[in-house]
Amino acid sequence: MIAILTFSIFAAAMIVPLFFRNGRRPTGWLIALLPLGVTAYLASLFPRAANGAPETFSYNWAEEFGASLSFRADGLSLLFAILITGIGTLVVVYSGDYLKKNKNLGRFYGWLFVFMGAMVGVALSDNLLLLFVFWEFTSLSSFMLIGFEHEKESARAAALQALLVTGGGGLAMLAGIILLGQAGGTLELSALLSNETAVQSHPLYLPALILILLGAFTKSAQFPFHFWLPNAMEAPTPVSAYLHSATMVKAGVYLLARLNPVLGGNDVWMYSVGGVGLLTMLAGSYLALFQSDLKRLLAYSTLSILGTLTMLIGLGTPRALEAVAVLLLAHALYKGALFLVAGALDHETGTRDVTKLGGLFRAMPVTAAAAGIAALSMAGLPPLFGFIAKELVYETGLEFNSWLMAAIIFMGLSNVFVAGVVGVGPFFGRLVKTRKKPHEAPIGMWLGPALLTGLSLLAGLFPGGVSSLMVSTAVSSAAGEAVKVKLALWHGINPAFLLSLGTVLTGIALFAGRNILRNVLRKLEWKWGPAYFYDRTLDGMNVLARIQTRLLQSGYLSLYLIIIILTLSFGAGATLFRIKDISLPLSFSDFRFYEAAIAGLIVGAALAAVVLPSRLGAIAALGVVGYGVALTYLIFGAPDLAMTQFAIESLTVILFVLAFYHLPKFNILSSPRSRRRDIGIALLGGVLMTALVLIAVNVEIAPPISDYFVQNSVEQAHGRNIVNVILVDFRGMDTMGEITVLGIAGIGVYALLKFRRNRGGRQ
Amino acid sequence: METILAFVIGALYAAGIYMMLRRSLVKLLIGLGLLSHAANLLIFTVAKLVRANSPVIAAGEQTLSTPHADPLPQALILTAIVISFGVTAFALALAYRAYKSVGTDDLNEMKGTDV
Numbered sequence: 000m001i002a003i004l005t006f007s008i009f010a011a012a013m014i015v016p017l018f019f020r021n022g023r024r025p026t027g028w029l030i031a032l033l034p035l036g037v038t039a040y041l042a043s044l045f046p047r048a049a050n051g052a053p054e055t056f057s058y059n060w061a062e063e064f065g066a067s068l069s070f071r072a073d074g075l076s077l078l079f080a081i082l083i084t085g086i087g088t089l090v091v092v093y094s095g096d097y098l099k100k101n102k103n104l105g106r107f108y109g110w111l112f113v114f115m116g117a118m119v120g121v122a123l124s125d126n127l128l129l130l131f132v133f134w135e136f137t138s139l140s141s142f143m144l145i146g147f148e149h150e151k152e153s154a155r156a157a158a159l160q161a162l163l164v165t166g167g168g169g170l171a172m173l174a175g176i177i178l179l180g181q182a183g184g185t186l187e188l189s190a191l192l193s194n195e196t197a198v199q200s201h202p203l204y205l206p207a208l209i210l211i212l213l214g215a216f217t218k219s220a221q222f223p224f225h226f227w228l229p230n231a232m233e234a235p236t237p238v239s240a241y242l243h244s245a246t247m248v249k250a251g252v253y254l255l256a257r258l259n260p261v262l263g264g265n266d267v268w269m270y271s272v273g274g275v276g277l278l279t280m281l282a283g284s285y286l287a288l289f290q291s292d293l294k295r296l297l298a299y300s301t302l303s304i305l306g307t308l309t310m311l312i313g314l315g316t317p318r319a320l321e322a323v324a325v326l327l328l329a330h331a332l333y334k335g336a337l338f339l340v341a342g343a344l345d346h347e348t349g350t351r352d353v354t355k356l357g358g359l360f361r362a363m364p365v366t367a368a369a370a371g372i373a374a375l376s377m378a379g380l381p382p383l384f385g386f387i388a389k390e391l392v393y394e395t396g397l398e399f400n401s402w403l404m405a406a407i408i409f410m411g412l413s414n415v416f417v418a419g420v421v422g423v424g425p426f427f428g429r430l431v432k433t434r435k436k437p438h439e440a441p442i443g444m445w446l447g448p449a450l451l452t453g454l455s456l457l458a459g460l461f462p463g464g465v466s467s468l469m470v471s472t473a474v475s476s477a478a479g480e481a482v483k484v485k486l487a488l489w490h491g492i493n494p495a496f497l498l499s500l501g502t503v504l505t506g507i508a509l510f511a512g513r514n515i516l517r518n519v520l521r522k523l524e525w526k527w528g529p530a531y532f533y534d535r536t537l538d539g540m541n542v543l544a545r546i547q548t549r550l551l552q553s554g555y556l557s558l559y560l561i562i563i564i565l566t567l568s569f570g571a572g573a574t575l576f577r578i579k580d581i582s583l584p585l586s587f588s589d590f591r592f593y594e595a596a597i598a599g600l601i602v603g604a605a606l607a608a609v610v611l612p613s614r615l616g617a618i619a620a621l622g623v624v625g626y627g628v629a630l631t632y633l634i635f636g637a638p639d640l641a642m643t644q645f646a647i648e649s650l651t652v653i654l655f656v657l658a659f660y661h662l663p664k665f666n667i668l669s670s671p672r673s674r675r676r677d678i679g680i681a682l683l684g685g686v687l688m689t690a691l692v693l694i695a696v697n698v699e700i701a702p703p704i705s706d707y708f709v710q711n712s713v714e715q716a717h718g719r720n721i722v723n724v725i726l727v728d729f730r731g732m733d734t735m736g737e738i739t740v741l742g743i744a745g746i747g748v749y750a751l752l753k754f755r756r757n758r759g760g761r762q
Numbered sequence: 000m001e002t003i004l005a006f007v008i009g010a011l012y013a014a015g016i017y018m019m020l021r022r023s024l025v026k027l028l029i030g031l032g033l034l035s036h037a038a039n040l041l042i043f044t045v046a047k048l049v050r051a052n053s054p055v056i057a058a059g060e061q062t063l064s065t066p067h068a069d070p071l072p073q074a075l076i077l078t079a080i081v082i083s084f085g086v087t088a089f090a091l092a093l094a095y096r097a098y099k100s101v102g103t104d105d106l107n108e109m110k111g112t113d114v
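Those protein sequence lines, which keep their order, are chains A and B. Counted the way numbering that gives the first Met the number 0 counts, the first sequence spans residues 0 to 762. Counted the way numbering that gives the first Met the number 0 counts, the second sequence spans residues 0 to 114.
FYI, nobody ran anything at the bench for these hints, they're computed from the structure. There could be a bad hint or two in this list.
Covered stretches of chain A (chain B as the covering partner; in silico rule of three or more C-beta atoms under 8 Å from a C-beta of chain B) [as the list claims (entries may be wrong)]: (1) 49-63; (2) 149-161; (3) 393-405; (4) 613-625.
Once the Cα atoms are required to be at most 25 Å apart in a straight line, the calculated SDA-like pairs of lysine to any residue come out as [stated by the list, open to error]: (5) A/K664 x B/K47; (6) B/K47 x A/D706; (7) B/K99 x A/D706.
Pulled from the structure, derived: some chain A residues nowhere near chain B, Cβ distances all over 12 Å [said to hold, decoys possible]: (8) R23; (9) F45; (10) S189; (11) P223; (12) V465; (13) H490; (14) T643; (15) N666; (16) G684; (17) T689.
Here the structure is a predicted model, which is why all the values come from computation and not from measurement. Glycine included, each C-beta is placed from N, C-alpha and C at the ideal position.
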């Protein structure tokens, strides 16, 4: 059932665009029914996962590669999958209004569903190869969605960048998966989980770990691969909200959490995963401070959260994993809402620049309310779910050392600041005049943010119920052992709470001085970031490709042939020289006079075809070669070949004469020097072929299979001419193919002769 | 006789390659023809030559008497002859169309992708 579910989303990806043909515009509300239904079904699976008996499905796909279509819906998978389809439902509704006037909305929905299906597949796969396939589908759909507005060059460049970074990481991950399969003896995740010691003591553990981490880090935009994420903001805003904040970028985090029981729990894991996460957290938090574009602000703060999540998985304590699950959920709720708000602001006012937005509360009250509450959750204020998440992160930090705690506080500060700039700044203060006259967004565009913030509030107010259950089952999967989590809004006045209070107050102060801060920090901007190296690498590869293309694909046919012949001659020649005991058996005794005469005729005619200055002469010489070859067939027991050759040769000559009537006379076009070069190459090729024939005549590697045909021709096929029997009976299908080829060639000739391109009219 | 045919094949290959390296479209096609003769003859020769005894079973017999010519390479060559005729016909039509469209038969002039 869960497999059918996953593939039904892919089916929707193919069907939904069909509804949009001929200018029809079905509403997003209708289309959202599918993800809504999937969400409801996934939610109904939760009790089973919580009881430790998750729904599974398995079908043998390619056993010899260890690939099977196996799905498993345990707590972590379901948490992630529900997040994907739930937010997906809102994004589908939202896009219907956001892209109302876009003529490619059908295509947009198609790729959005491809993405959704792939993401659900990533979440539910129990086989690592299957997971990889879905993983690559998410990269691909992300590419198509970032580049959705493909007329914009910046969108295309950002799409390519995201694809190259995540796709490259995906390839590394594939290699890592295969190594992990070698080390653990299986590619089934549920089976790997019990093989922890075997995997970690295996010599392939370290390479497998590094390669898989590369895949996870590129996908989740971890330092130093983080630069693609802010650039991916070229995508339409619903895509940014969905792929590049709530779901896809968390796939790496999901994979790390998923593999934590197998790969984690040692120093290498802790320092690599935790360290990279820490760096990403710091980089994202810092870079967010001086952005003024709404979406880039959100993108960098997303980076800081992604870094935090990765770091927490690296730390790996039960409390850290609990923080991961809660923060993942809380961030998806508030950041999804804020992204959608940013889109609404852009849509209704025509700008995303926070310095040009202000005082919109009156014009857009519902959006403003949703934005405000989401911002409170992001800043980590009670009674919102974000508060619980932040308290857990702080408590985890306090379990470790004060340096780590300082870094976490910096992240918290940055998030309070961004929450203010995005969620509060545009709506309060003096009304700033914008290009479009602002008014409230349509219901489809405020419903999403409103629902998401409503959930933030509910989950914050009542943390004991559903959210505790979800988090407990998810954390149990990530920890590899049963963990009971009891979330609570109020933990009492403890160090974490005091630090958090301090963070919020400082953050508000920073927000008050936001314009000064931005200007100061902008002066410190640094150009030698990883993006610089990405650009240089890309330039370098393009230069290399150009040089290589110019060398190998010059457009001169003769050069291609020369390369082929020289490669063949030297490759085969080198092999011939290496094999010592090969002799060239020359025997000139066994021939009749007329045979030699025919051979001489062929060689003479071939020479004539080369040197004769007239076209008709050359064609006649070619014909003589053909007849000579036919006579040879006749002498050596091949009357069928001889007859065919005679007939075809005559036809060919006629064809050549007809065609040459329309073609120009022979001209000597090449210089004497290049002719000398060509003679050398031609002789080299000829000598090689002669040598090959002389050797091959005396070599018999396997007994000829002709004996079968000879023995069975009369008995089975009731024919006496064995060549004919082979062609029409034993290998009848091949002859069928041959006739098809001739038919196609005939159609091609007809088309070339009859149809002309109508030029001039259009140009 | 195999030795002599080996040299004939080498000569045909050399002639064919040389013609295919020319810049004239027409010569290229003649080279192609020479090359296909060379290839057919190569298959024929490598399978060992047997004079006269063609692979046809006499009436009343169940199988061939040895020595006999090998039927399998003959079937291959028969296919090759017919296919190379198709290729030649198509190539000639293509050459004709290319010459009419581009206005030259110099292959070195035909290296751009834009018409």
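Evaluated hints:
1. 49-63: violated (count 0)
2. 149-161: violated (count 0)
3. 393-405: Answer violated; 0 residues pass the 8 Å Cβ test.
4. 613-625: Coverage by chain B holds for the stretch 613-625 of chain A (6 residues, Cβ < 8 Å).
5. A/K664 x B/K47: With a Cα-Cα distance of about 41 Å, the restraint between A/K664 and B/K47 is violated, given a limit of 25 Å.
6. B/K47 x A/D706: Cα-Cα ~15 Å, so holds.
7. B/K99 x A/D706: violated (51 Å)
8. R23: holds (39 Å)
9. F45: holds (58 Å)
10. S189: holds (53 Å)
11. P223: holds (39 Å)
12. V465: holds (61 Å)
13. H490: holds (69 Å)
14. T643: Incorrect as stated: the minimum Cβ-Cβ distance to chain B is 5 Å, not above 12 Å.
15. N666: A/N666 is in fact no farther than 12 Å from some Cβ atom of chain B, at 6 Å.
16. G684: The claim is violated: A/G684 sits with its nearest Cβ about 5 Å from chain B, within 12 Å.
17. T689: Not fine: 3 Å to the nearest Cβ puts A/T689 too close to chain B.
In terms of the numbered hints stated before, the structure departs from hints 1, 2, 3, 5, 7, 14, 15, 16 and 17, listed from lowest to highest.
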